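There are 2 protein chains.
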Amino acid sequence: MGMVGASAGVLPFRTVAIVGVGLLGGSLGMALRERRLARRVVGVGRRQAALDRALALGAADEATVDLRAAVREAELVVLATPVGAMVGVAREAADAMPRSALMTDVGSTKARLVSAIEGLAGGRFRYVGAHPMAGSEKRGVDGAAAGLFDGALCFVTPTPRTDARALAAVSELWQALGARVRCLDPAEHDRLLASASHLPHLVAAALVNSTTPDALACAGPGFRDTSRVASGDPRMWADVCLQNRERILDALTRFEQQASALHRILSDGDEPLLLAWLESAKAARDHHLSQ
Amino acid sequence: MGMVGASAGVLPFRTVAIVGVGLLGGSLGMALRERRLARRVVGVGRRQAALDRALALGAADEATVDLRAAVREAELVVLATPVGAMVGVAREAADAMPRSALMTDVGSTKARLVSAIEGLAGGRFRYVGAHPMAGSEKRGVDGAAAGLFDGALCFVTPTPRTDARALAAVSELWQALGARVRCLDPAEHDRLLASASHLPHLVAAALVNSTTPDALACAGPGFRDTSRVASGDPRMWADVCLQNRERILDALTRFEQQASALHRILSDGDEPLLLAWLESAKAARDHHLSQ
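Chains P and R supply the protein sequences, listed in that same order. Going letter by letter, the first sequence gives residues 106 to 396 in the working numbering. Going letter by letter, the second sequence gives residues 106 to 396 in the working numbering.
Among these hints, one or two may not hold up.
Treat identical chains as interchangeable: a pair holds within one or across any two.
[Unchecked claim] Below, in silico cross-link-like pairs of lysine to any residue (SDA-like), each with a Cα-Cα straight-line distance of 25 Å or less:
(1) K243 x G189
(2) K243 x S385
(3) K243 x E178
(4) K243 x R140
(5) K243 x A388
(6) K243 x E376
(7) K243 x Q153
(8) K243 x A257
(9) K243 x D330
(10) K243 x L394
(11) K243 x A161
(12) K243 x P203
(13) K243 x G325
(14) K243 x H392
(15) K243 x P377
(16) K243 x R329
(17) K243 x G256
(18) K243 x R173
(19) K243 x A389
(20) K243 x S365
(21) K243 x A381
If you're looking for bench data, these hints aren't it; they were derived computationally from the structure. Here the structure is a predicted model, which is why all the values come from computation and not from measurement.
Turn these sequences into a full structure, and let the hints guide you.
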């Protein structure tokens, strides 16, 4: 995992097309406009009502349901749909994009996606995968915010086929948006994120699903925080889970082993082991995640 | 679970003794003083350094390591030590307290504690158990804050042996501190809180303990929130878990069944079931925990 420091000198972009103007796409549009990192932001979506809302909230300068028209003059095309729809969108955009254009995405899983889009790209356009670690339990452009990426970690996932200037341009974009950019191999990204991001969503959902309504009525700040991400968009997370199924199963298996170990400790009423188990969690969290 | 609306007309208390001036006890002392709900707050602890710190932060008017001296003039004695130490403290305080005095506590588990302290109390003093659902991953009086209970849920746990005026007085105190007071039977409290509060701590710790350091380095806001409570005080939580072991094991078993169900769904790559499972969690959380 390396830090990226190169400057490609490409900013501001002339026209950026953002396909999917929801939480992430909308926030990106707002941030590009507010920071003047693009002269023109074109939002692309399937429903006119959502596009009107994106325009009203300042997430784009123009908006259209016509993907091909939107990307025709784009210097940068950003895929911000649910990850399962990205390859289809990339295929359609590929035909209409200028040869010199650059494509990137904001998908939470990378290995399959990067491989598929690189296959599409051939020599026709340049592509670099990205994954800004920002989000919210909110959904759609109404949850979008220009500051969403400020201070966030953003992974860029080059491969041996990645054009170096394209990598520098995408990295520079995310740095200009306030993100801390790190390079990761796509497969390594998916392995690490299965634990760091995908598993917590599933654990939060399992916690809610195992809790009866009368107990939910007694929930305090602890339950609220532990379960927050379970309020995320089910469609988006189902996509992520299926794309990164094998890695998530590995992480879930390790988690289930910890739950079994805990079950045994509690059954035995083993105080020293319980204390050591809780202390190990606190030490690891405080070390890696202290504010 | 009933709302409490009675007014006992006991506020402000003359002398309140708080045994254990940590996060909860310290916050209680600060709030009592700031809201003028006690004329005099006496903090009791085992280490002089911690008591000096509590005084410096305004958590008490006076502080002492001498429990008997502290409770001799108390109208109200609040147990705010780790829950495993409360019965011992109550026993020692019982001998020195005035006959008219009232005892309460802020312990996270109630059934064993309430039964043990009611056994001690006999006719010597009046006791009502309480559990304010407030806390923090911070520890000790340095994490204390006068506003900690504002808007929090606070359970009071009367039994058939509870004096009605004592119940009204303790309820009135917590309402005056800004909490929403609810009555629960002690055993019912422990059953509900095993799911609503104790299990989330253990799930958060299991999540951290199953995550490798390289993945922890990739954690974003989702992992941070889901694991926040794992940074809580291990000693305190070990106490809670052992006091409420059977109920927590029931809740943990239900949670493990959800994790297994998820494992099967992912192994099968069953998209409709995965989506339904995620949607059920989102619906339950949004219904019960929307801000």
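Hints broken by the structure, by number, lowest first? 3, 12, 18, 20
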